[in-house]
Every structure is written in structure tokens, then in C-alpha cells.
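Sequence order for the protein chains is A and B.
Residue numbering for the first sequence follows this note's numbering, beginning at 398 and increasing consecutively.
Residue numbering for the second sequence follows this note's numbering, beginning at 208 and increasing consecutively.
None of these hints come from the bench; they were simulated from the model.
Hints may be right or wrong, so weigh each one.
[What the hints assert, rightly or not] In the EDC-like style, the derived pairs of lysine to aspartate or glutamate whose C-alpha atoms are separated by at most 20 Å in a straight line are: (1) B:Lys-386 with B:Glu-329; (2) B:Lys-213 with B:Asp-246; (3) A:Lys-707 with A:Asp-686; (4) B:Lys-311 with B:Asp-253; (5) B:Lys-386 with A:Asp-758; (6) B:Lys-213 with B:Asp-253; (7) A:Lys-728 with A:Asp-497; (8) B:Lys-311 with A:Asp-577; (9) A:Lys-728 with A:Asp-761; (10) B:Lys-213 with B:Asp-243; (11) B:Lys-386 with B:Asp-299; (12) B:Lys-311 with B:Asp-233; (13) B:Lys-311 with A:Asp-625; (14) B:Lys-386 with A:Glu-494; (15) A:Lys-491 with A:Asp-758; (16) B:Lys-311 with B:Glu-329; (17) B:Lys-386 with B:Asp-351; (18) A:Lys-707 with A:Asp-684; (19) A:Lys-707 with A:Glu-682; (20) B:Lys-311 with A:Asp-477; (21) A:Lys-707 with A:Asp-625; (22) A:Lys-491 with B:Glu-329; (23) B:Lys-386 with A:Asp-497; (24) B:Lys-311 with A:Glu-438; (25) B:Lys-213 with B:Asp-299; (26) B:Lys-311 with A:Glu-581; (27) B:Lys-311 with A:Asp-497; (28) A:Lys-707 with A:Asp-529; (29) A:Lys-728 with A:Asp-529; (30) B:Lys-213 with B:Glu-254; (31) A:Lys-707 with A:Asp-758; (32) B:Lys-213 with B:Asp-233; (33) B:Lys-386 with A:Asp-761.
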Amino acid sequence: MTSAPPRGQQEVPSDDPRVQLDEALGVFEPVPPYPPRTEREAEFYTLGDGEMFINMGPQHPSTHGVLRIVLKIDGENVVDLDPVLGYLHRGVEKLCENADYHHSIAYLDPLEYISSLFCEWPGVMAFEKLLDVTPPPRAEYLRVLSSELNRILSHSMFIGWMALDLGGLTPILYGLIERDEIAEMLAALTGQRLLFNYFRIGGVNGDLNHEFLSRLGDWMSRATTQIDANLGLLNENEIFVRRMRGLGTMDQATALRMCMTGPNIRATGIPLDFRRAHPYSVFPELDFDIPTRDEGDCLARYLVRVDEIKQSLRIIDQCLNQMPDGPIMAKLPRLLRPRPGRAYAAVEGPRGQYAAYVISDGTDQPFRMRIHDPSFVHLQAVGTLMPGHLIADAMAVMASLDPIMGGVDK
Amino acid sequence: MDPALKRRLASRFGERLTAPIHQRHDETEIRIGPGDVPDVCRTLHDEPEFAFLVLADLAGVDTGTTMQVVYHLWSETSSDWLRIVADGLTRDDPRVPSVTFLWKGAEWMEREAYDMFGITFEGNRDLRRIYMPPDYQSFPLRKDFFLPDDAARSPGAGVRHMEQVHVPRAGRPATTIRKAPA
Numbered sequence: 398m399t400s401a402p403p404r405g406q407q408e409v410p411s412d413d414p415r416v417q418l419d420e421a422l423g424v425f426e427p428v429p430p431y432p433p434r435t436e437r438e439a440e441f442y443t444l445g446d447g448e449m450f451i452n453m454g455p456q457h458p459s460t461h462g463v464l465r466i467v468l469k470i471d472g473e474n475v476v477d478l479d480p481v482l483g484y485l486h487r488g489v490e491k492l493c494e495n496a497d498y499h500h501s502i503a504y505l506d507p508l509e510y511i512s513s514l515f516c517e518w519p520g521v522m523a524f525e526k527l528l529d530v531t532p533p534p535r536a537e538y539l540r541v542l543s544s545e546l547n548r549i550l551s552h553s554m555f556i557g558w559m560a561l562d563l564g565g566l567t568p569i570l571y572g573l574i575e576r577d578e579i580a581e582m583l584a585a586l587t588g589q590r591l592l593f594n595y596f597r598i599g600g601v602n603g604d605l606n607h608e609f610l611s612r613l614g615d616w617m618s619r620a621t622t623q624i625d626a627n628l629g630l631l632n633e634n635e636i637f638v639r640r641m642r643g644l645g646t647m648d649q650a651t652a653l654r655m656c657m658t659g660p661n662i663r664a665t666g667i668p669l670d671f672r673r674a675h676p677y678s679v680f681p682e683l684d685f686d687i688p689t690r691d692e693g694d695c696l697a698r699y700l701v702r703v704d705e706i707k708q709s710l711r712i713i714d715q716c717l718n719q720m721p722d723g724p725i726m727a728k729l730p731r732l733l734r735p736r737p738g739r740a741y742a743a744v745e746g747p748r749g750q751y752a753a754y755v756i757s758d759g760t761d762q763p764f765r766m767r768i769h770d771p772s773f774v775h776l777q778a779v780g781t782l783m784p785g786h787l788i789a790d791a792m793a794v795m796a797s798l799d800p801i802m803g804g805v806d807k
Numbered sequence: 208m209d210p211a212l213k214r215r216l217a218s219r220f221g222e223r224l225t226a227p228i229h230q231r232h233d234e235t236e237i238r239i240g241p242g243d244v245p246d247v248c249r250t251l252h253d254e255p256e257f258a259f260l261v262l263a264d265l266a267g268v269d270t271g272t273t274m275q276v277v278y279h280l281w282s283e284t285s286s287d288w289l290r291i292v293a294d295g296l297t298r299d300d301p302r303v304p305s306v307t308f309l310w311k312g313a314e315w316m317e318r319e320a321y322d323m324f325g326i327t328f329e330g331n332r333d334l335r336r337i338y339m340p341p342d343y344q345s346f347p348l349r350k351d352f353f354l355p356d357d358a359a360r361s362p363g364a365g366v367r368h369m370e371q372v373h374v375p376r377a378g379r380p381a382t383t384i385r386k387a388p389a
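I would like the entire structure built from these sequences, with the hints used as guidance.
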């Protein structure tokens with residue numbers, strides 16, 4: 398029986414003694430062992446004078462997951478970079494196309510494990526559009542309430558990570574305290590701490606209960622002061638603020654050209670928030686502001702998120718006051734067979750626009766399920782923002798865009 | 208639904224639309240040939256009466272008979288999502304011009320569509336695989352790529368499940384490809 402030789406043995410041995418030593422030691426070589434496939438790859442993997450390649454990842458703590466970035470550096474300056482994705486690719490779209498409509502929701506959850514509810518929502522919304530179903534108002538309020546809690550959870554983790562990537566170890570601990578309180582709260586509502594799987598086609602899984610409300614009331618009474626105290630660690634920190642200011646600046650035209658959404662585009666001064674720009678659910682009935690900044694640098698991206706936490710608290714307050722009584726699920730058959738058609742739904746998540754495009758062919762499984770994730774788009778902008786910065790600052794730039802690799806790799 | 212957008216689109220692109228404009232919920236859908244994509248996108252992006260500045264999504268679709276590339280755009284001038292379907296790409300050699308000259312951010316989304324469907328975007332200067340390894344041969348989201356838990360097509364039946372050629376071989380059992388009138 399003959400089998401093809403493993404990939405490494407097909408290569409012509411290199412004449413370069415350093416490469417031979419690397420191969421003998423099993424050291425990973427950043428340059429791929431095949432000729433360049435595209436113009437851009439050829440350009441990137443050609444070294445100029447005094448430049449060298451360095452691998453960051455896949456297991457680098459500041460890559461927020463498993464991402465490998467090949468950096469082309471000159472001294473300590475980043476000249477160019479090439480992100481290598483796919484270490485976390487699970488083929489969620491294909492799995493959804495082979496599962497029925499109810500099952501697909503469970504596949505959407507682990508996309509971004511920090512903001513699961515926002516991954517579920519566009520999928521559920523698109524299915525509802527295909528079925529011409531409107532969830533009852535109480536279910537919509539519950540969705541907004543739980544997802545705004547999730548937004549605070551996500552942003553408090555972001556603030557911690559951001560500081561961690563800049564070398565500050567304390568804020569992540571406070572961020573985790575915040576996150577843990579909200580996770581416990583949402584566990585009382587949804588039944589799970591991390592992957593909530595709370596939204597259903599036509600409503601939500603569970604109604605408000607005593608434990609959730611007591612935890613929420615307890616937390617809301619001290620949330621503002623607690624969050625302000627945590628932020629004081631960073632906002633009044635001279636080192637943090639001076640290092641973030643003017644770093645990784647992006648202008649409005651570039652942000653639109655790079656298809657950015659969410660806090661990253663609002664940090665450049667464009668008030669694009671799909672809760673207002675393309676209203677969905679009960680957001681037209683709620684009163685909140687869209688925080689923007691004009692600088693477009695890392696500090697602006699950080700401060701926009703900080704302001705969003707305060708707006709989310711406002712929304713949660715209004716939800717609790719305005720929530721109507723009534724059912725939490727629309728009446729639907731167990732087996733869903735939407736008529737053939739197409740639907741697109743998008744929501745504003747903590748990182749930007751989460752969207753789903755679903756095609757139905759009349760069976761009980763989606764024919765095509767396209768998932769759009771903001772992390773994927775934002776990670777791309779790292780390539781335009783990083784060059785020219787020091788390696789350490791490049792980490793700060795990446796952290797300020799807040800990509801989650803689960804969403805990037807789908 | 209935004210009837211005004213429908214009128215504006217019909218009067219601006221009348222002869223280039225390959226199907227009637229379709230509106231449902233908050234979506235307006237136009238269909239064009241793949242060759243018209245750069246012109247139509249540039250018009251929608253640049254002209255102030257449209258001003259579709261935000262590319263919300265770019266997706267590849269395999270309908271089982273043809274390939275499509277689907278763009279979703281957002282604008283302040285309309286309350287609808289605008290969906291552009293570049294229709295009628297052949298499954299053997301799907302080709303469509305790239306929109307990276309307008310939205311640089313489409314580069315990775317096009318790479319993804321290339322990786323998953325094998326759609327070639329002419330003008331994208333970095334069109335290589337993004338998720339799958341570089342020596343991978345198949346296009347996983349095509350409808351003739353079956354998942355390994357389909358027992359009839361398991362490794363026991365002689366199918367290498369992680370890798371499938373998309374041209375059916377002679378001795379292979381006839382496959383039922385899901386098709387949709389998308």
C-alpha cells in the first residue's frame with residue numbers, strides 16, 4: 398500500500414543552514430512552504446532590507462483566541478502583517494444547513510462566546526421573517542433586556558482585556574467580577590451561564606423569575622457606582638490614556654471603506670447604530686443616545702464602549718418599567734416549513750452588525766444560512782491600522798477593535 | 208417596504224435588471240448579471256439619490272444549479288435593506304468582478320466566498336483560501352459536498368469525507384443535490 402508522503406517531505410530541502418536548523422528542531426517557519434498564490438502574498442513574503450518575519454500566535458495571549466499573525470518587522474516596528482485564520486473554523490453555516498430551524502439556533506450560540514445572545518438574534522429574526530411571525534411584545538422586551546445585559550457583560554470584558562494587552566493586570570479582575578454577576582443573573586433567566594440559547598423562533602425560552610429579578614435589582618442598585626469605580630482605574634490612569642491617545646487612528650472614509658460597524662465606526666464620528674439606523678424589535682419605543690467620538694483612535698474606541706455601558710443601563714431600566722404582561726411565545730407548529738423565500742436580518746451587537754441571510758426551499762432545514770460577524774470584518778482593519786506602530790502598540794490597536802476569534806472563524 | 212426605492216431603482220437600472228424588483232418585509236431585492244456588478248455598485252454608492260455607503264454583507268450562494276453572489280447594502284436614503292443578487296454564475300467556473308475598489312473590507316468576505324464556494328472574484332488582489340488549509344481541494348459549502356455523518360457516503364463507502372471533488376466521478380452513485388429556486 399502506497400500513500401502520499403506527508404507535506405513536509407515534498408518540499409525541496411532548503412540551502413539556508415538556518416532553515417535547516419529550524420526544520421531539524423521543529424521550529425515553526427512563518428514563510429509558507431509553497432509558492433505565493435496571489436499578488437498580495439508574493440508582496441508580503443518578500444523581505445526588504447533589514448526586515449524579518451515573526452510569528453505571533455496561534456497561542457498568543459493577546460490574540461483573544463487562536464489567531465496567528467505573521468508580522469513583518471523592521472527593528473521593533475511593524476511593517477506589514479498577514480493574519481492566518483481558520484484555527485477555530487467549525488463550519489457553522491454548513492451545520493445549520495443540515496439541521497432543522499430549531500436546531501440551528503444552538504449552533505449560532507458558540508460563534509461569539511462573549512455575546513451569545515447577539516449571535517442568536519439575527520438568525521431567529523431571519524427565521525421569523527421567513528415564517529411571517531411576530532413575537533409577542535413581552536418576548537421582545539425580554540430579548541432587549543437580556544441582550545443589553547449581555548452587551549454590558551461583553552464591554553466589561555473588553556475593558557479588562559484592553560488593559561491586559563497594555564500590561565495592566567488589575568482591570569481584568571474587576572471586569573470578571575462584573576461579568577460573573579451578569580452571567581449568574583442570565584443563568585437564572587436562561588438556564589446557562591455562557592451559551593444562553595435563550596431565543597426561540599417566535600419568542601424566548603423562559604419568563605422573568607424571582608432569582609433573576611432579585612439578582613438584577615441587587616446589581617442595578619450598585620452598578621453605576623461599581624462600574625464608575627472600575628473605570629476610574631483606567632480613565633484616570635496617565636499611562637493608559639497617554640498611550641491610547643492618537644494610536645491607531647482611523648478616519649471616517651476609511652471606516653466606511655473597511656465596512657466597519659458598531660463602536661469602531663462610532664469612534665470615528667459616524668453615528669451608525671442599527672438600533673436607530675434600521676430599527677428592529679422594540680427599540681423605537683426606548684429612549685437612549687448613541688455615543689460617538691470624533692478622534693477615531695484607540696482611546697475613542699474605548700470611551701465609546703464605556704459610554705455604551707451607561708446607555709445600556711438606561712435601556713434595562715426602561716425595559717423593566719415598560720414590560721407588558723402576556724405570552725412569551727407566539728403560537729407555532731413544532732415542525733417549521735417556511736415557504737420558499739429569502740430573508741436578511743441584522744442586529745446591533747457590542748462589536749457591530751451581526752446579521753444572517755437565510756434562504757428557505759420549503760423544507761424543514763434552511764437551504765442557505767449565511768452568518769455575518771463583525772469581528773471578521775474588524776480584524777481585517779488590523780492590516781491597515783497596525784503598520785508603522787511598535788509591536789507592543791500593535792497589540793493595543795488590535796485589542797481596541799475587540800475581535801473574538803470564535804466569530805471570526807465561524 | 209419602501210416603494211419609492213423600488214421606483215428609483217427601476218428608473219435608474221431598468222434594462223439591466225434580469226428579474227422584477229422583489230420587496231418583502233424590510234428588504235428590496237434586485238437581480239443583475241455578474242458583469243454589471245461594479246457599475247451598479249458604483250452608481251448606488253456614489254450617486255446622492257442612493258448613497259448606499261455601507262456594505263452590510265457579501266455572501267456566496269449555491270442554488271444547486273447555479274451560483275450567486277449576494278450583496279446587502281444600507282443607506283440613510285431608504286428604510287430598506289437593499290439586496291443585490293448577481294445571478295447566473297456557472298457552477299463549473301463561477302466568476303464575478305470584485306467590489307474591493309469600493310469597499311476594501313469586502314476583500315476577506317470575497318476570500319471567504321472563494322474558499323467556501325470556489326467563486327473567483329476578478330480584481331481581488333488577495334484571493335486565496337482563508338479558513339481551510341492551503342492544500343485543501345474542495346469547496347465545503349457547495350451543495351454537492353455532503354457531511355460525513357451521512358451514512359451512505361461515509362468513509363466505509365469509500366468516500367474521503369474531509370475532501371470531496373466537486374465534479375462527480377464516473378463510478379460514483381448518483382447524488383441528490385438539494386436545489387432551491389433562490
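A quick look at each hint next to the structure:
1. For a cut-off of 20 Å, the pair hint linking Lys-386 (chain B) to Glu-329 (chain B) is broken: about 27 Å separates their Cα positions.
2. Taking the CA atoms of Lys-213 (chain B) and Asp-246 (chain B), the gap is about 18 Å. The hint holds against a cut of 20 Å.
3. Our distance criterion of 20 Å between C-alpha atoms is met by Lys-707 (chain A) and Asp-686 (chain A), whose separation comes to about 10 Å.
4. For the hint pairing Lys-311 (chain B) with Asp-253 (chain B), the CA-to-CA distance comes to about 15 Å; that is within 20 Å, so the pair holds.
5. As the CA atoms of Lys-386 (chain B) and Asp-758 (chain A) are separated by approximately 8 Å, the hinted pair is consistent with the 20 Å bound.
6. Between Lys-213 (chain B) and Asp-253 (chain B), the direct Cα distance comes to roughly 18 Å. Compliance with the 20 Å bound is thereby established for this hinted pair.
7. This hinted pair checks out: Lys-728 (chain A) and Asp-497 (chain A) have alpha carbons roughly 18 Å apart, not beyond 20 Å.
8. A distance of roughly 38 Å separates the Cα atoms of Lys-311 (chain B) and Asp-577 (chain A); the hinted pair therefore is violated under the 20 Å criterion.
9. Pair hint Lys-728 (chain A) plus Asp-761 (chain A) holds up; C-alpha atoms about 17 Å apart against a cutoff of 20 Å.
10. A C-alpha spacing of about 18 Å is found between Lys-213 (chain B) and Asp-243 (chain B), which places the hinted pair at or below 20 Å, so the restraint holds.
11. A hinted pair counts as satisfied when its Cα atoms are at most 20 Å apart, and Lys-386 (chain B) with Asp-299 (chain B) qualifies at roughly 16 Å.
12. Restraint check for Lys-311 (chain B) and Asp-233 (chain B): the C-alpha separation of about 27 Å exceeds 20 Å, so the hint is violated.
13. A threshold of 20 Å between alpha carbons decides the hint, and for Lys-311 (chain B) with Asp-625 (chain A) the separation of about 38 Å lies outside it, so the pair is violated.
14. The suggested pairing of Lys-386 (chain B) with Glu-494 (chain A) holds, with an alpha-carbon distance near 13 Å, which does not exceed 20 Å.
15. This hinted pair checks out: Lys-491 (chain A) and Asp-758 (chain A) have alpha carbons roughly 15 Å apart, not beyond 20 Å.
16. Proposed proximity of Lys-311 (chain B) and Glu-329 (chain B) is supported: the alpha carbons are some 14 Å apart, at most 20 Å.
17. Between Lys-386 (chain B) and Asp-351 (chain B), the direct Cα distance comes to roughly 10 Å. Compliance with the 20 Å bound is thereby established for this hinted pair.
18. With a CA separation close to 13 Å, the supplied pair Lys-707 (chain A) and Asp-684 (chain A) stays within the 20 Å bound.
19. Under the criterion of a C-alpha separation no larger than 20 Å, the hint pairing Lys-707 (chain A) with Glu-682 (chain A) is consistent with the structure, at around 18 Å.
20. Under the criterion of a C-alpha separation no larger than 20 Å, the hint pairing Lys-311 (chain B) with Asp-477 (chain A) is consistent with the structure, at around 17 Å.
21. Taking the CA atoms of Lys-707 (chain A) and Asp-625 (chain A), the gap is near 10 Å; set against the 20 Å cutoff, the hint holds.
22. Straight-line distance between C-alpha atoms of Lys-491 (chain A) and Glu-329 (chain B) comes to about 26 Å, which puts the hinted pair past the 20 Å bound.
23. Distance restraint check for Lys-386 (chain B) and Asp-497 (chain A): the Cα-Cα separation of roughly 17 Å lies within the 20 Å cut-off, and the hinted pair is therefore satisfied.
24. Proposed proximity of Lys-311 (chain B) and Glu-438 (chain A) is supported: the alpha carbons are some 16 Å apart, at most 20 Å.
25. Proximity of Lys-213 (chain B) to Asp-299 (chain B) is assessed by CA-CA distance (about 33 Å); at most 20 Å being required, the pair is judged violated.
26. As the CA atoms of Lys-311 (chain B) and Glu-581 (chain A) are separated by approximately 41 Å, the hinted pair breaks the 20 Å bound.
27. Pair hint Lys-311 (chain B) plus Asp-497 (chain A) does not hold up; C-alpha atoms about 35 Å apart against a cutoff of 20 Å.
28. The suggested pairing of Lys-707 (chain A) with Asp-529 (chain A) is violated, with an alpha-carbon distance near 34 Å, which exceeds 20 Å.
29. Distance check on the hinted pair: Lys-728 (chain A) and Asp-529 (chain A) sit about 12 Å apart at the alpha-carbon level, within 20 Å; holds.
30. For the suggested pair Lys-213 (chain B) and Glu-254 (chain B), the alpha carbons sit about 16 Å apart, so the restraint of at most 20 Å is met.
31. For the given pair, Lys-707 (chain A) sits about 43 Å from Asp-758 (chain A) by alpha-carbon distance, which is inconsistent with the 20 Å threshold.
32. Between Lys-213 (chain B) and Asp-233 (chain B) the alpha-carbon distance is near 12 Å, which keeps this suggested pair within the 20 Å criterion.
33. Restraint check for Lys-386 (chain B) and Asp-761 (chain A): the C-alpha separation of about 14 Å stays at or below 20 Å, so the hint holds.
Checked against the numbered hints above, the structure breaks hints 1, 8, 12, 13, 22, 25, 26, 27, 28 and 31 and satisfies the rest.
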